[in-house]
Amino acid sequence: MPNGVMNGAMNRKMRVLFGPIAGLVMFAGAIWIASTLVSREYKEPYRAPAAAADATPRAQGLAAEKADAETKARATPYVEAEYRRFPVVGSRVAIWAVAQLHLLFAAFVLAVPLFAFIIEAIGYKSGDPRYDRLAYEFTKLLSVSFSLTATFGAFLTFMLVILYPKFTNYLMSVFSPTFLPYVLLFFFEAFFLYTYYYGWGKFHPLVHLGLGLGLNLVGTSIMFIANAWLTFMMSPRGISDTGAVISVWDAVYNYTWMPINVHRVIANIAFGGSVAAAYAAFKFLQAETDEERAHYDWMGYIGNFVAISAFLPLPFAGYWLAKEIYAFSQTLGLTMMGGAFSWLFIIQAVLIGNLFLAANYYLWLGMGRVEGVQPLQKFIKYLLIGIALCFAVWATPRSIIATVSEVRAMGGSSHPVLGYLGVMSAKNTAVNILILTTFMSFLLYRRTGKIATVPWARIGHALQLAIFATAAAIVIFLGVYGYFVEATVRIRLSVPQVSSVLIAMVSITVIDIFLFRGATRTGEVRWGKIPPISQYVLIFIAVTFTWLMGLMGYVRSGLRQHWHVYGVVRDTSPDAFTPTLGFATKVVSATVLMFFLLIGVVFWIASLHERPDFQERKKAAHHTGAPEAELT
Amino acid sequence: MKVPIVLAALAAFALLRLLRVNLLVWAGAWWLGIYLLLRFGFTAPIPSSVIMIYMGIVSLAILAYVSSSQPRRDEVAGPLVRFMTEKRYTPLLAATVVAIPALAAANVYVRMNVPVEPPLFSRTVHPASPADITVHDKRIDLDAGENPFRHLEASDPQEFRRHVENGRRVYYQNCVFCHGDTLAGNGMFVHGLDPIPTNFADAGTIPMLRETFLFWRISKGGPGLPDEGGPWDTAMPAWENFLKEDEMWDAILFLYDFTGSRPRGREAGTK
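Just so you know, the sequences run in chain order A and W.
If you're matching positions, the first sequence starts at 3 in my numbering and goes up one per residue.
If you're matching positions, the second sequence starts at 1004 in my numbering and goes up one per residue.
Note that these hints are calculated values from the structure, not bench results.
Glycine included, C-beta positions come from ideal geometry on N, C-alpha and C.
Hints should not be assumed to be uniformly reliable.
[What the hints assert, rightly or not] Simulated coverage check for chain A against chain W, where a stretch passes if three residues somewhere in it have a Cβ under 8 Å from a Cβ of chain W:
#1 72 to 83
#2 487 to 496
#3 609 to 617
[As the list claims (entries may be wrong)] Computed Cβ-Cβ distance ranges for the label pairs, DEER-style:
#4 Arg1269(W) - Arg523(A): 49 to 59 Å
#5 Leu595(A) - His1154(W): 52 to 62 Å
#6 Leu595(A) - Ala1108(W): 29 to 39 Å
#7 Glu488(A) - Trp1235(W): 24 to 34 Å
#8 Gly203(A) - Phe1086(W): 52 to 62 Å
#9 Phe1086(W) - Arg528(A): 39 to 49 Å
#10 Ala1047(W) - Lys383(A): 27 to 37 Å
#11 Trp1235(W) - Ser407(A): 36 to 46 Å
#12 Phe486(A) - Phe1086(W): 22 to 32 Å
#13 Trp1235(W) - Phe585(A): 13 to 23 Å
#14 His1154(W) - Phe486(A): 48 to 58 Å
[Said to hold, decoys possible] Cross-link-like lysine to any residue pairs, in silico, SDA-like; alpha carbons within 25 Å at most:
#15 Lys380(A) - Asp1146(W)
#16 Lys383(A) - Trp1029(W)
#17 Lys383(A) - Arg1142(W)
#18 Lys383(A) - Gly1031(W)
#19 Lys588(A) - Ile349(A)
#20 Lys588(A) - Tyr172(A)
Next comes chain A alone, as it looks inside the complex (with noise of 0.2 Å):
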């Protein structure tokens, strides 16, 4: 036998030996291990029984206050507690973060599917399959988003039962007929927004369209039935002096209901637009290609185009619910506008200010992406003088922060120029002219690279411009006047106001799609042409939104100051005094930060479909050679 062959043998024989004796070693190691810890294992010492020791009187003395604290436990009746504390940020704070996170997210489930549902109609009617995949994008943010507000709406009802029993207990005594059709219409949300999502091109487009239209009457239905719980709180009705139900219908369909009913959808739809512009804005600084950009060029474009249209009509039903508030309470309506709260009116203005400014420099840069531009652009500082003079106005506050000097140096806490341009009357005026101006710039971009051909163009142009300046003339007219008439008239002034903005806005888009139908064309749109600060101003849009809803949600919920329900409900709790306007704005903010980083958390799941597989990642590494760490 060779000697190789040898060896191989008795290298098996060998392993076949040291099997057993390996596992004979370690088995008696094993023992002995065990053997060691056992003999070495803590034993409590001997004592005697306690019968046939004598006890210490310490001993003893242990013994009786246990017992006594035993007897007293038993002898003390249940008592509900009234509010229990949440450590370290306090009870107010830790409901106040986690109810408006709820509500941002729920905002955000409320308005994508409103204009994913008329971007896909939009797309059905006009047969363009780019609005069908924009809407479906949109709806791609939905399902972690719905997931996401029903955890924090769940969290937000545990942590009233734990924080505020007694209050809670209160609410769902008035309004336990609505939580049945609350939960059931969870379900049906729950059913409508799945077979859209994941029904999308499964079905005819129409059925598609049914469900969609389902999903959003099943969402606007929930929120109203949310709306009620928490306008009650603010101007409750239906109850008596002591609180007892006389009609639920009458608590639902309180003085603030409607109001804040339409104020949140219109909020919802501006809100949901920034948040998804933002979207597309992230993606467009990320993308690679130019068919990328300019898709997500195109995406940031719509989104904005829905927040700024739903933005343009909601200062008046703010102020269709701040007069609905005058009118339950004097009392909240001077805390609200001349009180406590009034100078978040101006961090208020300051910020919507900043929105119109953004929301016309968006539309001004976006006029680069279109060729031909030039002849436009020199209106853009007419444009902004308006802006910023309303902007300015808007801004003014009618008590102003001034050092003693300055005050005896004005002759008084109001200036005699500026007082004029704190109080209604310019407000409104300047606001007006705001939305009349930011329409315009968009009527510019609309006609960026077109020339009208039809024949009568000249009388189109003198007309459209003879209406804004009549509308514009109405409003300033409006507002002077309205110094000369009393408060309730001058309220009553916003309305023709309002209404010839309204008509204006109506009757020159209506004029300029005649004008501009079989326009020349001067030059293409070049989407993703855009500079990248464009994209920055899309996500400064979104987190303004988000703040302006936390602020003036604290507004509207502080109002109440140490009410639960105001008037019949009071707030005994450590926390029943109005925080400062610095502590709020940090409480705002906090909540905010964390609303864009779980969005953000949300993007990235969404963004998650778009990836490829891993084991399709694995072959393509391998192909080219990259390290296995590069495929987490």
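Here the structure of chain A is known, so what remains is to put chain W in place on it, guided by the hints.
This is chain W only, laid out in the frame that chain A set:
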């Protein structure tokens, strides 16, 4: 407005137009021109807090304009890039680098080198009234209530005038010392008061309020102001201790009558 300053600003702009300066200079000139106008162009000076808000808006607007199109961006960025990259500007660039922190330091010095004054006071416009008050053992509903003599204006003008005249008497016997002969908040005691009394002739004061609100402020005065929004630091006495209820309602009629303004009516809700 101070006309010479406005004219000087206009002349400076005309000169810039003649010189056909580039966009960067225009942007700087606009910023500086508006600042000077706000700071020195008004007879009653504008408080610095408001100038700050306005200048923030102006800065944003100018930045938006100069970056709104590619040619404008190039026109503004060009001189700046040249300034920072061309060798001939190196000494000037070094001077600028030194000047920036020096300016910040100078700003700190100027801001700190001011006479000692009470801190900035952000007074809320109107304190929030309670829903109801009790005056001379009578409950007054501030939300739903009305001035009991207001209806006389239409139903019995003669009687209404009598109440207004009584209000005039009450005002000139009690309120004139702080609120002044013409109700402009400039009575003889005004120099000793901070905050100064309300100017009833100002369109932003009583025309914005309901008569019940005025009744609350007069009857309960400074001691009756809410905790929220304080400290109020007002010297207004609680007039319920000195006047009858009817006298206070009459004084309110007089305030509106004298200033020619109308009280705010109760909002009719759409509910």
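Status of each hint after checking the structure:
no.: 1; hint: 72 to 83; in the structure: violated (count 0)
no.: 2; hint: 487 to 496; in the structure: holds (count 5)
no.: 3; hint: 609 to 617; in the structure: violated (count 0)
no.: 4; hint: Arg1269(W) - Arg523(A): 49 to 59 Å; in the structure: holds, 58 Å
no.: 5; hint: Leu595(A) - His1154(W): 52 to 62 Å; in the structure: holds, 55 Å
no.: 6; hint: Leu595(A) - Ala1108(W): 29 to 39 Å; in the structure: holds, 33 Å
no.: 7; hint: Glu488(A) - Trp1235(W): 24 to 34 Å; in the structure: holds, 27 Å
no.: 8; hint: Gly203(A) - Phe1086(W): 52 to 62 Å; in the structure: holds, 57 Å
no.: 9; hint: Phe1086(W) - Arg528(A): 39 to 49 Å; in the structure: violated, 32 Å
no.: 10; hint: Ala1047(W) - Lys383(A): 27 to 37 Å; in the structure: holds, 30 Å
no.: 11; hint: Trp1235(W) - Ser407(A): 36 to 46 Å; in the structure: violated, 21 Å
no.: 12; hint: Phe486(A) - Phe1086(W): 22 to 32 Å; in the structure: violated, 54 Å
no.: 13; hint: Trp1235(W) - Phe585(A): 13 to 23 Å; in the structure: holds, 21 Å
no.: 14; hint: His1154(W) - Phe486(A): 48 to 58 Å; in the structure: violated, 24 Å
no.: 15; hint: Lys380(A) - Asp1146(W); in the structure: violated, 53 Å
no.: 16; hint: Lys383(A) - Trp1029(W); in the structure: holds, 13 Å
no.: 17; hint: Lys383(A) - Arg1142(W); in the structure: violated, 59 Å
no.: 18; hint: Lys383(A) - Gly1031(W); in the structure: holds, 15 Å
no.: 19; hint: Lys588(A) - Ile349(A); in the structure: holds, 13 Å
no.: 20; hint: Lys588(A) - Tyr172(A); in the structure: violated, 31 Å
Against the hints set out earlier in the document, violations occur for numbers 1, 3, 9, 11, 12, 14, 15, 17, 20.
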